[in-house]
Amino acid sequence: MGLVAGVVALNALLAAVGYCVLYPALRGRSALTYASYAGVALLMGAGLVPLVLSMLAPTGLHIGLPAFAVVAAVLAAVGLVAGRVFRLDADPRRAVPPAGRLEDAVVTVAAFGIVAVLGIVLVGGFRSSPWLDDTWYFWLPKGRALDLVGLDPRLWSPNPHLHVLFGNDYESLWFIRPDNPLWWSILLNLDMRFVGSIDMRAVNGELAFLMIGFVGAAARLLWGRVRLSILLPALLVLLSAPEFLRQAQGGDADVPLAIYLALAILCAVGWLALRSRFALALFVVFAATAIAVKSEGVLELVLDLAIVSVAAWRARRALLPLWGAAAAAVATSVPWYAWRSANGVSNVFSLRNALSPSYLRQHTNLLHGGLRILGDHLTSIREWSLIVPLAIALGLVGLVRERRIAWLAPAAFLGFGYVFFVWISWADPEGAFRLVASAYRYVTPPIVLAGIFLPVLGERLLRGISGSGSGGPAR
Amino acid sequence: MFGPLPLRVRLGLVALLALLTVAVAFAPGRLSGPIRRLANYRADTRDPIYNAPIDGRAIRRAGAILPDSRGVTYYIHTRPVPQLGHDLIGAGLLFFLPAVPVPSPREAQWVLSYDAPTLLPKGVRAEKTYRVGERIYLIRVRQG
Numbered sequence: 001m002g003l004v005a006g007v008v009a010l011n012a013l014l015a016a017v018g019y020c021v022l023y024p025a026l027r028g029r030s031a032l033t034y035a036s037y038a039g040v041a042l043l044m045g046a047g048l049v050p051l052v053l054s055m056l057a058p059t060g061l062h063i064g065l066p067a068f069a070v071v072a073a074v075l076a077a078v079g080l081v082a083g084r085v086f087r088l089d090a091d092p093r094r095a096v097p098p099a100g101r102l103e104d105a106v107v108t109v110a111a112f113g114i115v116a117v118l119g120i121v122l123v124g125g126f127r128s129s130p131w132l133d134d135t136w137y138f139w140l141p142k143g144r145a146l147d148l149v150g151l152d153p154r155l156w157s158p159n160p161h162l163h164v165l166f167g168n169d170y171e172s173l174w175f176i177r178p179d180n181p182l183w184w185s186i187l188l189n190l191d192m193r194f195v196g197s198i199d200m201r202a203v204n205g206e207l208a209f210l211m212i213g214f215v216g217a218a219a220r221l222l223w224g225r226v227r228l229s230i231l232l233p234a235l236l237v238l239l240s241a242p243e244f245l246r247q248a249q250g251g252d253a254d255v256p257l258a259i260y261l262a263l264a265i266l267c268a269v270g271w272l273a274l275r276s277r278f279a280l281a282l283f284v285v286f287a288a289t290a291i292a293v294k295s296e297g298v299l300e301l302v303l304d305l306a307i308v309s310v311a312a313w314r315a316r317r318a319l320l321p322l323w324g325a326a327a328a329a330v331a332t333s334v335p336w337y338a339w340r341s342a343n344g345v346s347n348v349f350s351l352r353n354a355l356s357p358s359y360l361r362q363h364t365n366l367l368h369g370g371l372r373i374l375g376d377h378l379t380s381i382r383e384w385s386l387i388v389p390l391a392i393a394l395g396l397v398g399l400v401r402e403r404r405i406a407w408l409a410p411a412a413f414l415g416f417g418y419v420f421f422v423w424i425s426w427a428d429p430e431g432a433f434r435l436v437a438s439a440y441r442y443v444t445p446p447i448v449l450a451g452i453f454l455p456v457l458g459e460r461l462l463r464g465i466s467g468s469g470s471g472g473p474a475r
Numbered sequence: 001m002f003g004p005l006p007l008r009v010r011l012g013l014v015a016l017l018a019l020l021t022v023a024v025a026f027a028p029g030r031l032s033g034p035i036r037r038l039a040n041y042r043a044d045t046r047d048p049i050y051n052a053p054i055d056g057r058a059i060r061r062a063g064a065i066l067p068d069s070r071g072v073t074y075y076i077h078t079r080p081v082p083q084l085g086h087d088l089i090g091a092g093l094l095f096f097l098p099a100v101p102v103p104s105p106r107e108a109q110w111v112l113s114y115d116a117p118t119l120l121p122k123g124v125r126a127e128k129t130y131r132v133g134e135r136i137y138l139i140r141v142r143q144g
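Protein chains in written order, with my numbering: chain A, 1 to 475; chain B, 1 to 144.
Next comes chain A alone, as it looks inside the complex:
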């Protein structure tokens, strides 16, 4: 099909599948309402189709275009049939127009900024090959292997026999980081199949579509609940963070992980705050996808859910369904974990090391390095703009005013995420290398997660100041 047409066609199909799956929640709504869910639909389809394919991969099935067509058709059919049987209320709110001219001008400027940045991301994506070599060294080749030979242990299982010496350095002939799940590899291979050849610019084109879907989905889910003069500027702050944009052209899986994790936790909070079954259903899909993107996805999800659970302890009756939904999301990765276990593909992160005081005592240099390097990336305004200071400042102001611990949840995502990755790096035999090579990416999911809550924090603060407030969201 060619580069642009191929990537556009794949994403249009994924969005169509997403719409079918959303049918129980959108049936009977207006065309405008359907259009407003385009971002959610794209991320649903892009999440679900490769997720189901990755569940099938351990059976030995070749994950190419025929498998894609069947899975996409089945998912779409299931969604359409489900829409006839039961109904979920998406509860699409309408935004209250800005009250004053200044507020309206702020909304207009922010909306322009979002469209402009996403437009440049899209154009730039199709003009750039990923700058990170992981993309062509193992993420995409794994997808090609799943398509051409299936999930072959020869390529995934570590085998000391399969080493080659170049100069003074050994290189392995199996895939490095074989423990990572298959979702991103499968999606990238589908892009190449639709393009018709291996064109690395399709990777960044796909990332641009995911970024657009992310902003569209976040805006839709918060629309009418957060006033526009807060929602759009806050999304612009998140979207325009230089490091977020830079990584969106790196080709690695950290940006998709950050996107799906952030939306999963946002939906978890939507369930707890509103008891929205639609939010809970979205949570399952987004959380399952986050787990299927990278190995650390499941750990980050559990950590962030634990923070949300503590912060929302007042709504503890709603926690059981939430954790049940989280268990369902984890269950979608069981086939992959079982295959890994059967084929000796262990995690690069060793829990035994992580819990061994003697091991950790012998590697305190990594602790110091981790604290410093990860801390530098986490607090860098040059990299992440105002996301971190705003999340902490707004949370503290809210805490002082209302004395409710829930205000600190976004700051806790950052703080505990930081501690978590320091601990992982400390316990990692290759922590020194990975801290230098990858620490800037470790902090991406917690920062994006904190960033998606900036509009919520801002809205609650403003609502507290102005009562229900003019120009406030519809209730």
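In case anyone wonders, no lab produced these hints; they're calculated from the structure. It should be emphasised that the depicted structure is a prediction, and the values quoted were computed from it without experimental measurement. Heads up, the beta-carbon is just placed ideally off N, CA and C, and yes, glycines get one too. None of the hints are false.
Pair ranges (Cβ atoms, derived):
1. A:Val-4 with B:Pro-6: 33 to 39 Å
2. A:Val-334 with B:Ala-23: 50 to 56 Å
3. B:Arg-37 with A:Leu-102: 28 to 34 Å
4. A:Arg-84 with B:Pro-82: 56 to 62 Å
5. A:Ala-338 with B:Pro-82: 33 to 39 Å
6. A:Val-74 with B:Pro-6: 49 to 55 Å
Fit chain B to the given chain A structure using the hints.
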């Protein structure tokens, strides 16, 4: 969604913002840096951005010649430069599948000879040689 801002004022604001964006995009020096980087003014090719100087066309040619069968094996023969070896392994995994790499020429049916000091490693003999680039060959071999 639209507030009290008159349509003309709103359009004027958008036009001003668009003008500003275009001006920044074409401004000389550091001002245009963020947009230049993001839009990637000098577009990349479809090939991976290799760390070592790899001939992407030669790799694609070799990939097109290798038989499309999972039973096919190949060996990478090159200079003893770690980064070059690393990138060639990655390029092979990307472009040569379903053929799989092997660690020894004795296990290989094909050899990718990439800017190597000798055409072939010891222990194998050429059956058919394809020149795919400058000092780059794909060679069907038999054990010597």
